[in-house]
Amino acid sequence: METWDAIRSRRNVRAYADRPIPAEHLDRILEAGRRAPSSANQQRWDFVVCTERSQLQQLARVWRGAGHVATSAATVVLVAPVGEDGRTRESIQYDLGQVTMSMMLAAADLGIGSGHAAVADQELARRLLGVPEDRFCAWLIALGYPADRPLTPIRRPNRRPFDEVVHRGRW
5 METWDAIRSR
15 RNVRAYADRP
25 IPAEHLDRIL
35 EAGRRAPSSA
45 NQQRWDFVVC
55 TERSQLQQLA
65 RVWRGAGHVA
75 TSAATVVLVA
85 PVGEDGRTRE
95 SIQYDLGQVT
105 MSMMLAAADL
115 GIGSGHAAVA
125 DQELARRLLG
135 VPEDRFCAWL
145 IALGYPADRP
155 LTPIRRPNRR
165 PFDEVVHRGR
175 W
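If you count by the working numbering, then the sequence shown holds residues 5 to 175, one letter each, in order.
Keep in mind that the hints are not guaranteed to be accurate.
[Claimed, not checked] Label pairs and their calculated CB-CB ranges:
#1 Gly90 x Arg153: 33 to 43 Å
#2 Glu88 x Asn162: 33 to 43 Å
#3 Arg91 x Leu34: 34 to 44 Å
Everything labelled a hint here was simulated from the structure, so no lab data went into it. Ideal placement from N, C-alpha and C gives every residue a C-beta, glycine not left out.
Work out the full structure: start from the sequences and follow the hints.
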């Protein structure tokens, strides 16, 4: 798939077919995250990849909106250091957003759907994944082949009009 088609095809997928993701495709998605840009190239992230059904089912309990994780083929947990101050925390979150989008576009390029989720229960996540105390589980990226329809460019995205969003030169 071309980059532009991947961008236009990517959507939040929360229902997955019972089909594994080939290891080389999962590694490509992870590599896309690893190559994401970061503030001062600090790369303040680690990825925990979960593919075992029982672990995915338990991981789905870390946030009320993470039910789709239980049926995903794989879920990537983005882990980051605990920021000392507000500016550092904001910078880390910005970098994690770039990681997330890089992974989601790489997945879409392969026809693999994705859906993100937050992590509210840090203690449960820490127990399930063995995350060190100086780190936190920031986000989940569930991955799998869409159960409903394949990823194709969306003709009419549910987005604000272009001319309402884009301001040239000034507001």
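>> Hints numbered earlier in the text: which of these fail when held up against the supplied structure?
In response: 3
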